[in-house]
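Peer 1: Chains as they are written, first to last, in the working numbering: chain U, 1 to 172; chain H, 1 to 102.
Do not take every clue at face value.
[What the hints assert, rightly or not] Pairwise CB distance ranges, derived in the manner of DEER restraints: (1) U:Asp-2 to H:Thr-91: 42 to 52 Å; (2) H:Thr-91 to U:Ile-107: 22 to 32 Å; (3) H:Thr-3 to U:Ile-130: 25 to 35 Å; (4) H:Trp-55 to U:Ile-152: 12 to 22 Å; (5) U:Lys-120 to H:Ile-97: 24 to 34 Å; (6) H:Glu-96 to U:Ile-93: 19 to 29 Å; (7) U:Ile-107 to H:Asn-56: 30 to 40 Å; (8) H:Thr-91 to U:Val-117: 24 to 34 Å.
[To be verified] Heads up, simulated EDC-like pairs for lysine to aspartate or glutamate below, C-alpha to C-alpha not over 20 Å straight-line: (9) U:Lys-120 to H:Glu-7; (10) U:Lys-88 to U:Asp-2; (11) U:Lys-126 to H:Glu-96; (12) U:Lys-88 to H:Glu-96.
[Said to hold, decoys possible] Pulled a few chain H residues facing chain U out of the computed Cβ check, cut under 7 Å: (13) Ile-4; (14) Trp-55; (15) Val-73; (16) Leu-81; (17) Gln-84; (18) Val-85; (19) His-88.
Keep in mind the hints are simulated off the structure, nothing from the lab. Every value quoted in this text rests on a predicted model; they were computed, and no experiment measured them. Using N, Cα and C, we set each Cβ at its ideal position, and we do this for glycine too.
Each chain, letter by letter, is given below.
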Amino acid sequence: MDIFFYIAAVVAIISTIMAISERNAIHSLLFLILSFLGISVVFYLLDAPFIAALEVIIYAGAIMVLFIFVSMMLNIGLEKEQEKKWLKPRMWILPSILAAILFVDLILALRNTPIIVVEKQIIQPKQVGISLFSTYLLAVEIAGILLMAGVIGAYHLGSQKKKVLHRFLEKE
Amino acid sequence: MLTIPVESQLLFAGILFFLGLISLLVRRNLIFMLMSIEIMFNSAGLVFIIASRHWNQPDGQVMFIFILAVAAVEVAIGLALILQVYRHFKTLDVNEINKLKD
Chain U
1 MDIFFYIAAV
11 VAIISTIMAI
21 SERNAIHSLL
31 FLILSFLGIS
41 VVFYLLDAPF
51 IAALEVIIYA
61 GAIMVLFIFV
71 SMMLNIGLEK
81 EQEKKWLKPR
91 MWILPSILAA
101 ILFVDLILAL
111 RNTPIIVVEK
121 QIIQPKQVGI
131 SLFSTYLLAV
141 EIAGILLMAG
151 VIGAYHLGSQ
161 KKKVLHRFLE
171 KE
Chain H
1 MLTIPVESQL
11 LFAGILFFLG
21 LISLLVRRNL
31 IFMLMSIEIM
41 FNSAGLVFII
51 ASRHWNQPDG
61 QVMFIFILAV
71 AAVEVAIGLA
81 LILQVYRHFK
91 TLDVNEINKL
101 KD
């Protein structure tokens, strides 16, 4: 089973690298969907099949499709000269080195932490549901309020104001 | 059953997180910046799932569901803002969007 984990992880990492280095927004989003599918395989292998299904349906199916629709609406295919200038090695080398230093720091911290081994038993989705609606009931309601605020905010921000060409044409 | 040590699973999540961080620092297009935030959200969720499996607790998976809700709201609001910015400035380059400064 281990080899499947490594294959899915390598696919996810490679497609994420392609997604962040691609110039074309649509190609980049498609690579990102591939990366999310790889992560969902990893979720399945980590004994969380329900979460894997949610990842495919909500992340790859809903959020990324929203991204693709917006980038098609804005009609951004290839980027302008400005971004090309920013993608020169001189510009990305320092942030990458700093992020790599943080990454090595994290790995060293992980290696120095003792790992306690607990014997494994598979968590069923039923347990997740019971925990979600008993212990975390308040958090579920707060998430619902957040979603409603998100809907109203997105509607308000996304609504297009009518352009009036002359003030005589303006409605009272 | 996986027999992979938990360190290498966390390493995978860490690699994804830092790829997202690099992308957020380097890219100057608003859509790409929102995408890299998504990558980082996802790797944080992956860490929750790994921890949930390691400790045999369902709480990690519950947290992933909350992360999913927050990510969905964030994307909806962020994309609406991006639409407005594009309508106003005709560009998505964050270096061009500095009208507040002048």
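Peer 1: Which earlier hints can't be squared with this structure?
Peer 2: 2, 4, 5, 7, 8, 10, 11, 18, 19
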